[in-house]
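Number of protein chains: 2
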Amino acid sequence: MQILRYETYKQNAVNTEKATQLMQRNLDEQVLEIIRAVQEHGDEAAFAYTKKFDKADLSSLLVSDEEWNIAFDKVKSEQPALFQALTEAAENIRQYQRRTKEEGFQFSPQPGIRLGQKITPLERVGVYVPGGKASYPSTVLMDVIPAVVAGVEQVVITTPPRPDGTIDPVVLTAAKIAGADQVFKIGGAQAVAALAYGTESLPKADKIVGPGNAFVARAKKWVFGDVAIDMIAGPSEICAFADNTVPPSYVAADLLSQAEHAEDAASICVTTDAAYAEKVQKEVERQIPLLERAAIIRESIQTNGKIIICEDEAQAIELINTIAPEHLQLMGNNAEEQVEKIKHAGAIFIGPYSSEPLGDYFAGPNHTLPTNGTARFSSPLGVYDFMKKSSTIHYSKERLLDYADTIITIAEAEGLTGHANAIRIRKENNDASS
Amino acid sequence: MQILRYETYKQNAVNTEKATQLMQRNLDEQVLEIIRAVQEHGDEAAFAYTKKFDKADLSSLLVSDEEWNIAFDKVKSEQPALFQALTEAAENIRQYQRRTKEEGFQFSPQPGIRLGQKITPLERVGVYVPGGKASYPSTVLMDVIPAVVAGVEQVVITTPPRPDGTIDPVVLTAAKIAGADQVFKIGGAQAVAALAYGTESLPKADKIVGPGNAFVARAKKWVFGDVAIDMIAGPSEICAFADNTVPPSYVAADLLSQAEHAEDAASICVTTDAAYAEKVQKEVERQIPLLERAAIIRESIQTNGKIIICEDEAQAIELINTIAPEHLQLMGNNAEEQVEKIKHAGAIFIGPYSSEPLGDYFAGPNHTLPTNGTARFSSPLGVYDFMKKSSTIHYSKERLLDYADTIITIAEAEGLTGHANAIRIRKENNDASS
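Those protein sequence lines, which keep their order, are chains X and B.
Take 1 as the starting number for the first sequence in the working numbering and just add one per residue.
Take 1 as the starting number for the second sequence in the working numbering and just add one per residue.
Next comes chain X alone, as it looks inside the complex:
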């Protein structure tokens, strides 16, 4: 794991900054073909792509109640510790999300005027849950529960089936614990298209959330506008700011936990202590071979792992705000005071025992977080992603007439005389009748 000074890091970072969202011709053409096919042929295309990509020959996309209940009962009886853990995690997530639920308001700036904001849930939400070899019950909890807390009427999950046409029972169990309404056996760009435009089996969603592979991410970008999406997820990253009050083995283990996600995950340690940097580096080297996913981890750490030495705390905070990390661990002595100075981060873990997996699985705040520097302008997934606002405006006759000339003046300055007319016709009607 590379150790470098802040100035060196800064120089390199500037040189590698680039656009990531422009056309990816080859991928886009495949994705657009899938979207068009699903739009035109609905379920027929959905079945065909599921056979092609997931090797599953289905007769129904919907997980039946029977299938769902059997999976639930099986996990509950055969994996009681896991069942209990998911149930506890779900309760923590519910408790946190309830606190973030906003209420509307009304106020009267003067008699005869009432303004307000009405907040209502979305009607239908689609949650994409990755499948394949791995199983992500935590993603089910994290993405479904905020929608349920928001009051969404219909929360459906799409997830790619296994070749035998089944879905991992643990995912189905998490779906029931979280309160999802339906689960569909479909993944990839075809799932995104089906949610965006609807098919015979799948209801058209108002918003699509959840992580996925490159096909899923590009499909979400394409349907964005016809339907809302949460964010375009990039590689995951962690930034741990530590000092010599923190056991280097903790820092190393946290960095490596992030690295095991994928080769392109980024693990960064920030410190002001050069001797400490070396201790963390040694611990990283010591721990890698002990881990199951050592190959992925080594690749990730070699390519994107960095320990950056800063002059002082102020420089370290500046660095962190430049990175705008998805996960930020403030582990050292001044962690509490440092929180105030952080401008951009998805989730902030405070103190040496708030290890990132605590947030990934259990504490309550969402683990679906803005990646790749987008914490500069994005938030964790939350109840607010599943609600929207309407303004309300009520002026009495008297108040409208008071301000009629002011409104007409601006409308006419913009050349929108029809707008001016709508106000003037009320004014003249009341002048005439008075």
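By construction, these hints were calculated from the structure, which means they are not laboratory data.
None of these values were measured; they are calculated from a predicted model.
Glycine included, C-beta positions come from ideal geometry on N, C-alpha and C.
You may find that some hints are simply not true.
Stated by the list, open to error - Here are the simulated distance ranges between beta carbons:
1) X:T303 / B:P163: 44 to 54 Å
2) B:A48 / X:E398: 49 to 59 Å
3) X:Q30 / B:D405: 26 to 36 Å
4) B:E33 / X:Q95: 14 to 24 Å
Stated by the list, open to error - List time: in silico DSSO-like cross-link candidates among lysine-lysine, alpha-carbon distance up to 30 Å:
5) B:K10 / B:K427
6) B:K204 / X:K118
7) B:K343 / X:K101
Starting from the structure of chain X, add chain B where the hints point.
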């Protein structure tokens, strides 16, 4: 203006539903070429496109302080009524937006655990203001003020210059009243690209907001992900629900005010009274020739104008929620009670005197609203568009150890053993030291 029954409308609506966001090959190729050129050549490309599209040969993209002050003083002295109107409108917008500013929170679900949400403003925002023949000072106020109220450090405006290289003094005046930091003479896809990726003159923005033509809308779609955007604006629409307590001339004038925006704007009147529908229709015909923008209005009304007769209030509410209109006027007798039943609308205008232009120019709630049915999942532009959230998580050593096994259980079920290790290493370290 066509009068039709709800059932007929419903049938037609289903048949015309379609995807709008897929590839528009010709437009996209032009837009992508512009974006790439601005990324590669910065200001040089910005100057070249401004010369090509706006016919303006500029030596500086930035509006100088001198130019800005002269424009401001000129409008203040030569158009005092307009200056006063914009100042009053700005104050109303500020007052409303301040009410929508959310605060963070912290709570402790049990001793040793503290969870929270930190809310921080974006750093740099770009506001696109359309130019050309028309001038939109109200857009400047509506888009800049929420960003300023949110606490954004740097709010810059981009707007296409006139061929002589100047910007409308009224736009510059509104920019100063609203509190913008800088104004740049650049429009189109080149402005969006410059804001998304930065040039020598323009700072890279974290979010780009504001309406624009097809080039602007597509460019925003392409850069989305590298930078946040507000929404992809479609044609504007109004839906007015009225009964015979409302003068038909008011309803007609409101419908026509919307129609003057563009040929593709949609004006819809909903009523349960067939005789009233005919009165509104007659008023529409009577008023069109009296309006300055009669040609646009007639085209818009003929193509997209509709008076829809519903069986009863319940059916009318169902229709409105299906349309999810950008602007909804509840004008009739039960307006107050109806508000509660509305699920989807950008802004709701209550009572016969809350005419839409009141909201466009003066009342305070934003006039940048979700169009084209996207009120199903989007909100008016607001302070919340210029702030983002970070979760905070703090567990003490004791609490982490209490839940260590639970967290490890879920991590291992997902096959993420490195995650399990980060918790286990803390557990074992403390078992050993105790």
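To see whether the hints hold, each was checked on the structure:
no., hint, result
1, X:T303 / B:P163: 44 to 54 Å, "holds, 51 Å"
2, B:A48 / X:E398: 49 to 59 Å, "holds, 55 Å"
3, X:Q30 / B:D405: 26 to 36 Å, "violated, 44 Å"
4, B:E33 / X:Q95: 14 to 24 Å, "violated, 51 Å"
5, B:K10 / B:K427, "violated, 62 Å"
6, B:K204 / X:K118, "violated, 34 Å"
7, B:K343 / X:K101, "holds, 17 Å"
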